[in-house]
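A.B. asks: Sequence:
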Amino acid sequence: AHSDDIAAAIDFSLLSQLPDTSAEITEVANILGADAARDLYLQKRASENNVKTADLASYRVVMFATHGLVPGELEGLTQPALALTAPEVAGIDGDGLLSMDEILGLSRIARQSISQAIGLLVSLLHEGFKARAVRCKSG
Numbered sequence: 006a007h008s009d010d011i012a013a014a015i016d017f018s019l020l021s022q023l024p025d026t027s028a029e030i031t032e033v034a035n036i037l038g039a040d041a042a043r044d045l046y047l048q049k050r051a052s053e054n055n056v057k058t059a060d061l062a063s064y065r066v067v068m069f070a071t072h073g074l075v076p077g078e079l080e081g082l083t084q085p086a087l088a089l090t091a092p093e094v095a096g097i098d099g100d101g102l103l104s105m106d107e108i109l110g111l112s113r114i115a116r117q118s119i120s121q122a123i124g125l126l127v128s129l130l131h132e133g134f135k136a137r138a139v140r141c142k143s144g
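Residue numbers (this note's numbering): 6 to 144.
Hint data in this document are derived by calculation from the structure and do not stem from the laboratory.
Among these hints, one or two may not hold up.
Cross-link-like lysine to aspartate or glutamate pairs, in silico, DMTMM-like; alpha carbons within 25 angstroms at most [claimed, not checked]:
(1) K49 x E29
(2) K57 x D106
(3) K49 x D25
(4) K57 x D98
(5) K57 x E80
(6) K49 x D60
(7) K49 x E80
(8) K49 x E93
(9) K49 x E107
(10) K57 x D44
(11) K57 x E29
(12) K49 x D98
(13) K49 x D106
(14) K49 x E78
(15) K57 x E93
(16) K57 x D40
(17) K57 x E78
(18) K57 x D16
(19) K49 x E32
(20) K49 x D16
(21) K57 x E107
(22) K57 x E32
Please read these numbers as outputs of a predicted model, since none were measured by experiment.
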């Protein structure tokens, strides 16, 4: 199923703000000598559509500083995903999530970046299950 099917179910207000991520990404970009105006996608520019249409294969590093979500963390979420800018904020269609299937479908992203994204999502999934198990045992 395409992630747009769950767009109405995703409530981005449940996700806390991550105020330091912009500074983190900017610092990494400066260290790598990136052109901030061209290469950084922050706030409204960090949209699902922009990620899916960008030519990411020309970049050595593709970094996401956002919420990593595990299935069940938000109503309707059935696979690991990265939360991007909410569609109503970005002024676009879509659900604002980059799901595992969508990451795997990004043909214009370097293979190393796909591997890193999959590793992150697998790690998040594993940590999410561990956290749930601890909560269940403690009560």
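A.B. asks: Could you run down the list of hints and mark each one as holding or not?
C.D. replies: Status of the hints after comparison with the structure:
About 17 angstroms separates the Cα atoms of K49 and E29, which keeps this hinted pair within 25 angstroms; it holds. About 12 angstroms separates the Cα atoms of K57 and D106, which keeps this hinted pair within 25 angstroms; it holds. Restraint check for K49 and D25: the C-alpha separation of about 16 angstroms stays at or below 25 angstroms, so the hint holds. Only pairs whose Cα atoms come within 25 angstroms are accepted, and K57 paired with D98 is accepted, the gap being roughly 13 angstroms.
For the suggested pair K57 and E80, the alpha carbons sit about 23 angstroms apart, so the restraint of at most 25 angstroms is met. This hinted pair checks out: K49 and D60 have alpha carbons roughly 18 angstroms apart, not beyond 25 angstroms. The suggested pairing of K49 with E80 holds, with an alpha-carbon distance near 23 angstroms, which does not exceed 25 angstroms. A distance of roughly 10 angstroms separates the Cα atoms of K49 and E93; the hinted pair therefore holds under the 25 angstroms criterion.
Between K49 and E107 the alpha-carbon distance is near 20 angstroms, which keeps this suggested pair within the 25 angstroms criterion. Distance check on the hinted pair: K57 and D44 sit about 15 angstroms apart at the alpha-carbon level, within 25 angstroms; holds. Restraint check for K57 and E29: satisfied, since their Cα atoms lie roughly 22 angstroms apart, inside the 25 angstroms limit. Between the alpha carbons of K49 and D98 the distance comes to roughly 13 angstroms, so the proposed pair stays at or under 25 angstroms and holds.
This hinted pair checks out: K49 and D106 have alpha carbons roughly 23 angstroms apart, not beyond 25 angstroms. With a CA separation close to 23 angstroms, the supplied pair K49 and E78 stays within the 25 angstroms bound. Proposed proximity of K57 and E93 is supported: the alpha carbons are some 17 angstroms apart, at most 25 angstroms. Taken as a hint, the K57 and D40 pair is honoured in the structure, with Cα atoms around 20 angstroms apart against an allowance of 25 angstroms.
A hinted pair counts as satisfied when its Cα atoms are at most 25 angstroms apart, and K57 with E78 qualifies at roughly 23 angstroms. For the hint linking K57 to D16, the alpha-carbon distance of about 21 angstroms falls within 25 angstroms, and the restraint holds. Annotation: proposed proximity of K49 to E32 holds, straight-line Cα distance about 19 angstroms (limit 25 angstroms). The hinted pair formed by K49 and D16 meets the criterion: a straight-line CA distance of about 17 angstroms does not exceed 25 angstroms.
Using a Cα cut-off of 25 angstroms, the hinted pair K57 and E107 holds, with the two alpha carbons roughly 8 angstroms apart. Only pairs whose Cα atoms come within 25 angstroms are accepted, and K57 paired with E32 is accepted, the gap being roughly 24 angstroms.
Violated hints for the displayed structure: none, as all numbered hints are satisfied.
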